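Visitor: As a plain string of letters, each chain reads:
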Amino acid sequence: MSADKEKLIAELVNKGLDGDMDSVNACEDKIIRGKAKAMIMKVKKGTIERPPKPELAANEKIDSKTPESLSKDEMISYLVNKGLDGDMDTVNVCEDKIVRGKAKAMIMKVKKGTLERPEMPILDSPVSSGEPLEDNTQDDDKDTFQKIKKLIYDKFPNSIIENEEGDYIQIKPDEWNELAVWLKSEPSLLFDSLQCQMGIDIGDDNLESRYNLHSMELDHYIEIRIAVPRSDPKIPSVEQVWRIADWFERETYDMLGIEYTGHRDLRRILLPDDWEGWPLRKDYQVQETYHGIVVPKMKEGWE
Amino acid sequence: MGVVHGEEMVLNIGPQHPATHGVLRLQVRTDGEVVSQITPYMGYLHRCFEKHSENVTYEQVIPFTDRCDYLSSMSMNFGYVVAMEKLMDIKVNNRVEHIRVVMAELQRIASHLLCTGVFGLDLGAFTPFLWALRDRERILDLFELTCGARLLYNYMWVGGLSHDIPTGFVESTFEFLDYFEPKVDELENILAHNKILVERSADIGVMPKDVAISYGVTGPNLRASGVKWDLRKNDPYSIYDKFDFDVPIGEGKKGTVGDCWDRFYVRIIEIRESVKIIRQALASMPKDGDVHQSLPKKLRPPKGSIYARTETPRGDLGYYIESDGSPIPYRVKMRSPAFTALSVLDEIGAGWLLSDVLAILGSLDIVLGEIDR
Amino acid sequence: MTVDFIFDGLNQLFPEFAGNDIFLIIAMLLPVAALLGFITVYGFGVIYSEIKVSSFIQDKTGPMGQGPGLHAGKWGLLQPVADGIKLFIKEDIIPASADKPLFILAPFLIFIGALTSFIAVPFGEKIIITDMNIGIFYIIGVGSLAVIALILAGWSSNNKWALFGGMRSAAQIISYEIPAGISLVVVIMIASSLNMQEIIAYQAGGLFNWIIFDNPFMPIVFIIFFISVLAETNRTPFDLPESESELVAGFVTEYSGTRYAIFFLSEYANMFVVSAVAATAFLGGWQSPFSNFLNSPAWGVFWMMSKTFFLIFVMIWVRWTVPRLRVDQLMHLCWKVFIPIGLFNVFAVAIWIVVRGS
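Which chain is which? The protein sequence lines are A, B and C, in order.
Take any residue in the first sequence, note its place counting from 1, add 46, and you have its number in my numbering.
Under my numbering, the second sequence has 310 at position 325, and the numbering climbs by one with no breaks.
Take any residue in the third sequence, note its place counting from 1, add 372, and you have its number in my numbering.
Please keep in mind that the hints were generated in silico from the structure rather than gathered at the bench.
Values in this document were obtained by computation on a predicted structure and should not be read as measured data.
Heads up, the beta-carbon is just placed ideally off N, CA and C, and yes, glycines get one too.
Any given hint could turn out to be false.
Derived SDA-like pairs: lysine to any residue, alpha-carbon spacing no greater than 20 Å straight-line [to be verified]:
1. C:Lys432 with B:Pro167
2. C:Lys458 with C:Gly415
3. B:Lys194 with A:Ile144
Covered by chain A, per the in silico footprint, the following chain B stretches (three or more residues, Cβ under 8 Å) [unchecked claim]:
4. 25 to 35
5. 299 to 310
Among chain C residues calculated to face chain B with C-beta under 7 Å, some are [as the list claims (entries may be wrong)]:
6. Ile429
7. Gln430
8. Asp431
9. Lys532
10. Pro609
11. Glu616
12. Ser617
13. Trp692
14. Val694
15. Pro695
16. Arg696
17. Arg698
Taking the hints into account, I'd like the entire structure generated from these sequences.
Guide: Okay, here's the thing in structure tokens:
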């Protein structure tokens, strides 16, 4: 068992003995929780002595907050600062080649005087802007989401429609194409993969087009929703940004009749070209006959 | 010497054609035998999965998912129940998770066997196809033993399974794996290193990384392009994080990274990795645990939406489920991996000979049931 | 030879009608009838062996009907017969937009090519229908008739797949005739004769007198010849004209029933002819591999048949093992590999003959 875990157990045992069993129970790691509880029992019985309270030194925490958790830009500034302070080793051991290259280039520039020295990113504050985008735990997901949302808001303040609840970003259709191009190319976002695009009839005379975006490189997700009125469902096409949107948009057009302006080949994809109506709209009425063939009516419910 | 251009000819491959793996129509423009443009037309197998789903209860959607990709029904079930369990916040017990992983991996082997066999068939080698089918039969026997069905299982339910595995299943599966492992080498020997097959598939239909990502290509096709991306590793669902396995990527051993040979060979290695996972899962499977333990009395998810992805033999399968709080889904969208794989065909297939186009199509491993839904 | 033999026999049997023209006609028709019978029986046999050999290779049982009656016979022995009957009683469909006369002509033309090749095939020391002095040349010539038939079939079907198949087969067969011909030129040089029987007679005296072991270049010549005739008979890995997974069925796409059966039978008949030529030219024909042992005329038929059927078996074996080449790779193999090597062989063997002395 690593020293960290032992310390954690000792801390938990002390807390538990001081009456704070909640923090023991809240510990997520089963093994540590179990060991801590066992030790508390033993201490209470008197078979072992109470472990010393571990000193969680502040500087230790800073060190454990490794630069790996920084985003790339901040990583570069961090390395540049280290390098300028004479600590080139830190720069050289950086594993990410691109970051290392960029940092070295920047150091040279700063030394030449063509660039100003970047700000040293703050390492010890967990709520700083240096919060990692890559983390997978739930809270961090929320933070990542908020951060992405803020980035988009800064760039396209008129596009975002504010909504408090929900883990998606509701935007207006007007600037969607520019926004999409920016989302794909912005270095801190890099949404290079359109996972899924779907259309939905959300009632209230609105249709919605939803995009699930994912970044292969940075491994984060967002969902973007664009609502348009049923009477005039027009959304700019992103077919040329993510090529798969070509077929996804054709499918949504096929099923819900959302028109993607700027799409180069907007035809029905699954249904025949001369089919009438948009089947996945909630007010869809099946046509009576198709080329003389009687179309069976959709049954209510299931028999 | 210049290239002689003749008159262009429009050729319809399909809807009935031996190499389209279902009812797909490819309209190709050819100049002699050189294909200049491919336009796929699908929808011949459209069975209104998404429309049907809006009219049945959540449980009744599962049999429909079976029929979407009829070659990997278990994986289709799996994706749906994972999405539903995320939406409803259901945790299933360990035994259920283990059985699910075993089934999904057996299904992956079965599906990859068929794919590699058919790839050989597309290139004119008939025998490996039948060898692959012979071994696939054994897997279907195992499925039949478990749930009575050989193709469309409806086996995984939201919160559990339809049946527990029968007595002797674990032993039969181990026996099958012992039999099967040498057969994979056999399949690899007759196909992968065959001079003619290498000539026919290496350097053909190269799919570069960025094209693959932009077209949303996933699964073995993406990995063959050199992207180490597997949801079982990168975004583990179920209990995949417990198992030790590798994610093979295309290395361009016989040609360029991302060519037909890589796409084919990645699948062969994945078969071996699946065998590894099954062995681990069977060995660590808990002896007790009720597979119906977490079945909800009534499937009535809270209002909200979920997009959940799983790794099927063909790639990322995503289910987008929108719930309005009633027992009937408001909207179910399936993001099918074969759909995205087919969309890239024109990009990587144009400019090759007619025979190559069919080889490329075979290497993409599409299932029309899933494309048309 | 056989025609003369029967004619003489009839004349001796009925001396009062000696020299009658009817005898001549009978003497000509009898071998043809026998030949047709042989091809039919051989067709059933070879189709059965194709099914069964592929079954063994593919780890399946193949047709296994048991007992007489409606089943396919024991071990599926009657399966080819059932297939044949099925094909012959099927509806004969001619596409509306096809070129009717040519469409009907094509299968007959290809069958004529296959059938007439048999005339010069030496089945035994005495059994050869016509022992012409340019036998080997004749077979190559008549065998090329297939090209015309295949192009006709592809063109007249008015189907793009058939057209592709026809064009591919024309390019393929014409190209591969060259390496096959060059290989036979080497044989002719060694045996100093175009006559099939004389070529076989040259190889008398056991295994090591066979032309394939005549000099170090001959095995290469044999391999080139065998691969080339594989391509000429449209067998996998050279079955591009009818490549099932690309061109649906190539030039036979629109054919069904009897006409289709004739195409099929011709393919198998051609297999026999080229195998027989290979056996004659390289493997000593009806000569026993052991000098002075099992070397009677009756055994001669046995040896000829075993050698031919062994080569046919190899063809079947290859078919079920390897994938198919692509059209440009096929041409590459022919023009850039086989023909240079073949020409080199002609040159080398010529020097060999001069140096060794005849």
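Visitor: State for each hint whether it applies.
Guide: These are the hints, each one checked on the structure:
Annotation: proposed proximity of C:Lys432 to B:Pro167 holds, straight-line Cα distance about 18 Å (limit 20 Å). With a C-alpha separation of about 15 Å, the suggested pairing of C:Lys458 with C:Gly415 holds against the 20 Å cut-off. For the hint linking B:Lys194 to A:Ile144, the alpha-carbon distance of about 18 Å falls within 20 Å, and the restraint holds. Check result for the stretch 25 to 35 of chain B against chain A: holds, 5 residues qualifying (beta carbon to beta carbon below 8 Å, three or more required).
Beta-carbon proximity to chain A at under 8 Å applies to 4 residues in the stretch 299 to 310 of chain B; the threshold of 3 is reached and the given coverage holds. Hint status for C:Ile429: holds, given a least beta-carbon distance of 6 Å to chain B, under 7 Å. The criterion of a C-beta within 7 Å of any C-beta in chain B is met by C:Gln430, whose closest approach is roughly 4 Å, and the hint holds. Annotation: C:Asp431 was flagged as interfacial toward chain B, and the flag holds, the nearest CB pair being 6 Å apart, inside 7 Å.
The interface hint given for C:Lys532 holds, since its Cβ lies 5 Å from the closest Cβ of chain B, which is under the 7 Å cut-off. The interface hint given for C:Pro609 holds, since its Cβ lies 6 Å from the closest Cβ of chain B, which is under the 7 Å cut-off. Residue-level restraint check for C:Glu616 holds (minimum Cβ-Cβ distance to chain B is 6 Å; threshold 7 Å). The interface hint given for C:Ser617 holds, since its Cβ lies 4 Å from the closest Cβ of chain B, which is under the 7 Å cut-off.
Taking 7 Å as the C-beta cut-off, the interface hint given for C:Trp692 holds, the closest approach to chain B being about 5 Å. At a threshold of 7 Å, the smallest CB-CB gap from C:Val694 to chain B is about 5 Å, leaving the interface hint in force. Look at C:Pro695: its Cβ gets to within about 4 Å of chain B, closer than 7 Å, so that hint holds up. Taking 7 Å as the C-beta contact cut-off toward chain B, the hint placing C:Arg696 at the interface holds, the least distance being around 3 Å.
Using the Cβ-Cβ criterion of 7 Å, the hint placing C:Arg698 at the interface with chain B is satisfied: the shortest such distance is roughly 5 Å.
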